[in-house]
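Asks: One-letter residues, chain by chain:
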Amino acid sequence: MARISEETISRLCLLSCESVAKRLGVEVKRHRSLCIIHDDHHPSLSYFGNNREKWHCFVCNKGGSTIDFVTEYTELSFVEACQWLCQAFGIPIDNYSPVNIGVKRIRIKKRQQSEENDKPFSKDVAQWILDNNLLTEKGENFLVESRHINIDVIKQLNIISIENPKLLIEKMGKVFDYRTMLNSGFVTEVNEKLYFRFFTPCLIFPYYDKSNILIGMQSRYLGQEENAPRFQFISAQKTRVFNLPILNTVKFGDDLYISEGITDCLALLSAGKKAVAIPSATILPSLDLIKLKTYKLHMYPDRDNAGKQAYINLKRFFINHYATLKAEQLPDGVKDYSEYYIQMHEKQ
Amino acid sequence: MAVESQESGLYTKAKLLENIHTALEVSVDNAQETEMDCRDVKHKLKVLQFILYMKLPPYDFDKNNTEDIKEAIEVYVDGDEFMFGYTFFLSSNKNFDYSWSYLRKQTDKYINFLLEAYRFISYVIFDINTLKPDICRMTDLHIELNELFAVKFIDDEPFVETTVHWNKFHQINNVKNGYYLSVKKGEATLLTYHRKYSNQLKPFQDNIKAMIDIMEQKDKA
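Residue numbers (my numbering), protein chains in the order written: chain S, 28 to 375; chain E, 6 to 226.
Check each hint, because a few of them may be wrong.
To be verified - Dumping the calculated DSS-like pairs for lysine-lysine here, alpha-carbon to alpha-carbon at most 30 Å:
#1 K353/S x K51/E
#2 K207/E x K223/E
#3 K353/S x K18/E
#4 K56/S x K214/E
#5 K335/S x K137/E
#6 K99/E x K201/E
#7 K223/E x K68/E
Said to hold, decoys possible - Partial chain S-side listing against chain E, Cβ under 10 Å, derived:
#8 G91
#9 S92
#10 I339
#11 R343
#12 I346
#13 P358
Hints were generated in silico from the structure; no laboratory data involved.
Glycine included, each C-beta is placed from N, C-alpha and C at the ideal position.
With these hints in hand, go ahead and build the complete structure from the sequences.
Replies: Laid out in structure tokens, this is it:
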């Protein structure tokens with residue numbers, strides 16, 4: 028059997044995982060992509076390291092080097108993966124004549140439907156988390172002190188924060204059995220120990236449908252860890268629009284704002300506007316968005332490519348459903364509505 | 006359409022669509038359109054958006070790759086089960102004696118329509134970029150493409166302002182062999198050219214240059 032030298036392996040492990048992913052046709056945005064292993068709906072796979080030479084999925088806890096990425100994503104063996112990487116990135120292989128494996132001939136593994144994703148969003152556990160946690164001082168400082176979010180908006184949206192995940196899991200263990208906790212998607216097991224899936228300290232934003240039924244949760248990391256994802260979702264939940272219950276308070280033809288991300292939505296609500304949020308610029312929750320077509324829709328697109336793309340995608344969606352989405356202009360030099368809101372608040 | 010494509014200096018389909026959206030918002034705000042116009046415009050806009058967003062191989066002006074483009078369209082049209090179901094729904098009725106030949110004929114015609122519309126839009130973008138340096142010298146001139154698009158060249162980004170004559174939207178169906186390209190000053194047509202896909206823009210461009218030179222000389226005098 029062919030051997031790949033240690034030196035070659037070391038060189039391959041220094042390659043950028045992002046470049047490898049792109050070469051294999053995986054879409055990478057802001058150093059993240061949909062997980063290549065589990066059935067992911069929100070990008071959970073992060074690329075990190077000086078050269079983004081490592082990858083890790085925060086949901087299924089898998090990760091590794093460029094070689095691991097290729098073996099996980101394709102049906103290639105370790106040696107074949109090394110061989111393909113060498114060919115794709117022009118690295119000579121010692122004592123070995125590579126056979127011809129073109130990128131087009133690589134068979135991509137069918138993405139595994141993990142056991143977890145067949146399970147529905149665990150409303151009971153999510154509700155318990157909401158009922159047994161409050162907005163801590165850290166969370167309040169972030170929202171109220173730094174972002175000037177209206178406290179009534181925070182209460183209305185039932186936003187909480189979590190700082191002590193060990194204690195949370197301990198308390199949870201007294202209420203739910205082991206299997207329920209694991210199945211909920213909020214808890215993961217590593218070396219027979221249970222861990223809270225969201226990076227902490229974090230804010231928790233609950234998602235409700237129009238009938239006020241809890242349908243999902245999103246976290247916003249408040250710590251200093253550089254490699255931690257800023258936002259996380261429970262993988263079992265589908266992409267939904269945030270703050271759907273507000274539709275019960277808007278009438279046909281009323282103004283309604285759509286923001287990209289929850290933070291801008293909170294700022295819009297605090298400014299007295301009716302607003303909902305899409306959690307990502309790329310995945311549009313069509314079945315929720317269709318409910319918005321009877322309103323006069325507005326959006327403050329972020330002043331970056333992702334923001335412009337989100338606006339274009341939404342505008343295209345609404346044109347196809349005979350509704351219009353009007354772009355509101357942010358003042359020069361302001362990157363998003365949150366920043367604009369903070370500036371306005373501080374001027375006042 | 007990627008946002009990055011908007012960053013280059015050339016006029017693109019994305020910029021054209023953006024222009025159309027902006028102009029439409031202004032006209033809706035000013036309530037210039039009647040209710041019926043508005044109702045139809047939203048369908049027309051949807052068609053235009055669809056044509057502009059079609060993910061097809063770029064039109065090659067040197068090689069004429071229409072066959073490749075047609076194949077790509079066939080992949081979409083024949084592969085879309087919802088569309089096929091709708092085509093069946095429309096064609097299978099007693100007026101056509103429940104015949105499938107009507108369905109086949111209409112599907113073929115639809116593929117040709119998409120190909121022609123896509124080629125027309127590709128030429129529109131090409132012509133706008135080609136004529137921009139000459140016509141932008143005279144700010145009171147604008148061009149019209151098949152009576153459908155009115156294009157002004159402006160001083161601010163994106164340097165081109167396109168509006169759609171929605172009442173002439175049917176002109177999108179009349180682009181099989183070419184289209185009419187006119188230079189206008191207000192309502193007056195100064196030059197017209199039948200732009201065939203087989204011919205070059207250069208003779209028309211030369212005429213425009215000559216006309217602008219005369220106009221500039223007159224202005225100086």
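Asks: Does K51/E lie within 30 Å of K353/S when you go C-alpha to C-alpha?
Replies: With Cα atoms ~16 Å apart, K353/S and K51/E stay inside 30 Å; holds.
Asks: At a threshold of 10 Å, is the proposed contact between I339/S and chain E supported by beta-carbon distances?
Replies: Nearest chain E Cβ about 7 Å off; hint holds.
Asks: With a cut-off of 10 Å on the beta carbons, see whether R343/S makes it to chain E.
Replies: Cβ of R343/S sits 6 Å from chain E, so the hint holds.
Asks: For a C-alpha distance cap of 30 Å, please report whether K335/S and K137/E respect it.
Replies: 26 Å, holds
Asks: Within a Cα-Cα threshold of 30 Å, do K223/E and K68/E meet the stated pairing?
Replies: 42 Å, violated
Asks: Against chain E, is G91/S within 10 Å by beta-carbon distance?
Replies: 31 Å, violated
Asks: Need the status of pair K99/E, K201/E: alpha-carbon distance at most 30 Å?
Replies: 40 Å, violated
Asks: Hold the hint about P358/S up to the distance rule: shortest CB distance to chain E must be less than 10 Å.
Replies: Not OK, violated: P358/S not within 10 Å of chain E, min 18 Å.
Asks: Please work out if K353/S and K18/E have their alpha carbons no farther apart than 30 Å.
Replies: Status holds; Cα separation ~20 Å.
Asks: Measuring from the C-beta of S92/S to each C-beta in chain E, is the shortest one below 10 Å?
Replies: Constraint on S92/S not satisfied, violated at 30 Å.
Asks: Are the Cα atoms of K207/E and K223/E separated by 30 Å or less?
Replies: Holds. K207/E to K223/E sits at ~24 Å (cutoff 30 Å).
Asks: For the hint on I346/S, just tell me whether its beta-carbon gets within less than 10 Å of chain E.
Replies: OK, holds: I346/S within 10 Å of chain E, min 5 Å.
Checked against the numbered hints listed earlier, the structure breaks hints 4, 6, 7, 8, 9 and 13; every other hint is satisfied.
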